[in-house]
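**Q** Here is how the chains run, residue by residue.
2 protein chains.
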Amino acid sequence: MTGDAESEAEVVARAALTRVLEPGDTHGGRLLRELGAVELMRWLTAPEPAARAPAGVGPERLAGYRRRAALADPRRDLETAAGAGVRFVCPGSAQWPTQLDDLGDARPVGLWLRGGPDLRTWALRSVAVVGARACTPYGAHMAQTLAAGLAERGWVVVSGAAYGIDGAAHRGALASGGATAAVLACGVDVAYPKGHAGLLGRIAGQGLILGELPPGSHPTPSRFVLRNRVIAALTRGTVVIEAAHRSGSLVTARRAQQLGRFTMGTPGPATSGLSAGVHELLRGEAVLVTDAAEVIELVGGMGELAPERRGPVLARDLLDPAASRVLDALPAGRPVPAEEVAVAAGAGTDEVIGRLYELHSLGFVERQGDGWQLTMRGSRGGPQNDATRRGGH
Amino acid sequence: MTGDAESEAEVVARAALTRVLEPGDTHGGRLLRELGAVELMRWLTAPEPAARAPAGVGPERLAGYRRRAALADPRRDLETAAGAGVRFVCPGSAQWPTQLDDLGDARPVGLWLRGGPDLRTWALRSVAVVGARACTPYGAHMAQTLAAGLAERGWVVVSGAAYGIDGAAHRGALASGGATAAVLACGVDVAYPKGHAGLLGRIAGQGLILGELPPGSHPTPSRFVLRNRVIAALTRGTVVIEAAHRSGSLVTARRAQQLGRFTMGTPGPATSGLSAGVHELLRGEAVLVTDAAEVIELVGGMGELAPERRGPVLARDLLDPAASRVLDALPAGRPVPAEEVAVAAGAGTDEVIGRLYELHSLGFVERQGDGWQLTMRGSRGGPQNDATRRGGH
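As given, the protein sequences belong to chains A and B, one line each in that order. For the first sequence, the working numbering assigns the number 1 to the initial residue and increments by one for each residue that follows. For the second sequence, the working numbering assigns the number 1 to the initial residue and increments by one for each residue that follows.
Treat the hints as calculated values from the structure; they're not laboratory data. Don't be surprised by glycine CBs; every beta carbon is placed ideally from N, CA and C. Honestly, I wouldn't trust all of these hints.
Derived list of chain A stretches under chain B, where covered just means 3 residues or more per stretch with a C-beta under 8 Å from a C-beta of chain B [to be verified]: (1) 178-191; (2) 266-275.
Here are the simulated distance ranges between beta carbons [what the hints assert, rightly or not]: (3) A293(A) - G348(B): 52 to 62 Å; (4) D102(B) - D105(A): 32 to 42 Å; (5) P193(B) - D291(A): 48 to 58 Å; (6) S222(A) - R202(B): 36 to 46 Å; (7) G201(B) - G260(A): 56 to 66 Å; (8) R33(B) - G260(A): 48 to 58 Å.
Here are a few chain A residues that face chain B, going by a calculated C-beta distance under 7 Å [to be verified]: (9) L288; (10) T290; (11) R316.
Chain A on its own, in the form it takes in the complex (with noise of 0.2 Å):
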């Protein structure tokens, strides 16, 4: 939320259609792209129905966003919401991942936020780690193993928080004091599964807890289905870990891959079920891998904001003021590990780990095991600006 009125008018009409709009709803995703979200909102809260309907969406499909509206409370939401910590990010701020961008229509309408780092450059550099629920000890063994070495390679594992993989995934990134971030079918201030809310505690504590619905919303069974389709949009590729045949990690696997995104599986014994589905995907598309090396192999290939070799992406001296100084409290020439660099930086090891990430995917550190140093690009402060400035002319 920004002083600019008509900003704000969005925003606040953007929160309350996280009230009207189910997930993934793309009459809704067509009606916002075609009337904007402020005369949306102004169409279904007139006293008296539009007398001629858009094409394409019937009177009681209508009916029920009218009735939503009326209970919609957007300012009210926004104020409780920033009291418990919670941003909203809508498309169009320089936090919205356009990566969702690809949804379309299905697009969601604005994410709800808890956590300090800065949901845009996170997900440049994320990838999702899923599968089932009532997972094998190997299952939670190589979820946990796999979502350790990408954080320790600088990669943030996204999940969706549940039992099983999920959980072991974003265990594993926060045990190696990586970067994760859960994306849930409920509202971000809603423990669920309630036997993780310590860990939801931890993920948005270290991370970042995000989703489309409203503050206190609890999901549904097709809110968690459509939940995937935002973790396999946000990250650049989605690894499933164990799943049975029909299993909801192989939707995320195949939206994944409509959406030309890498698909990736661990492979398990031939005789276990819940192998089956991740080998059902493996005889199709996706690429089998059995360690973070191979997945950073396929996704950081075509994907990493390698400065170097791209050109720079941000110059240091539009970095956000916080990151600016991680950046600046980071010595040169050796790795040393978050903890030092938040003493010399003067913040908490949980912002400065979640900075650290950020300046990773923009090409200014990289992680060497436990510790974090300067690339080529971190380092060179002046010449590098000067050039980026001119190239931005």
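Using the hints provided, position chain B relative to the given structure of chain A.
**A** Here is chain B on its own, set in the frame of chain A:
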């Protein structure tokens, strides 16, 4: 060996050459192609070395050939072999599996064979199942199950008779009353490995044992590696079940791929070093398979000689008399076990099993669970024959 003198001279010369040329010797293979077997042996056994050696074959190599040629006694080898129930089959003979011609100058000089079935026909519907010697119980289970499934669907399981995966594959096929062939890296009368003497006996009884090396020859490391090219070339495709990095089974798989055969792998836990080689293959061109149906879906698609779709392969009255008797013994309209066919045909069950797999390759019969039944083509005796004869004019 026929009454044809020239042909017999060729057979004797080639039998001798199996003692002169090591498997896969492309230098020797080229000489053989250029000079012919009889002329090559005459030249190698001439009292004085030829005035001019063929280009590209060094004097040391030639001296080695001559030394071994002087010691060869092919007529005795052939006699001893015949006494022990071992045949010798040469390129150009009706029993020669022409797939092996794809090996070019590395084509075997000839094959020594133990067991009744017709190798050429069997090879038309065969799949190689290979893998690690020191396999896990999981790998052995998969090999046995896959081989049993292939045999139950009328496919011949080819392997190398080694401990581990190979043995499990042969046993799986035998146990389901199926067809299996072992390609050895030693003489077909040599029980190697020793612990598989009993298994080799059962394979010779119900199936086929074959190899390039003359009776009494012992295996060497290079003979094992070169044996793999015969397994790869003989079959429609190769399935690898458990193989560590740099395993010999990967050689077979890659050779199969080079030869345009299907290459398949059965996945296992990513934590198992014995699946690492298979996963490496699966990250390349190999196809992931978890059961026999998936294997047949692949190899049966292009390769199957389905007479209904492709026209007759062989007229019924051109069948070998023994095969013809087995075909006549099959009742119309219902599947019967091999044992019942054996009683009706007045032959041994092992021989009948061999013939049934031959008839299956030719499209006359098909396996249904534990029994065998006539196909459309197998049932239509007279008219089909006439059509075939007309087609042949």
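**Q** Which hint numbers doesn't this structure obey?
**A** 1, 4, 5, 6, 11
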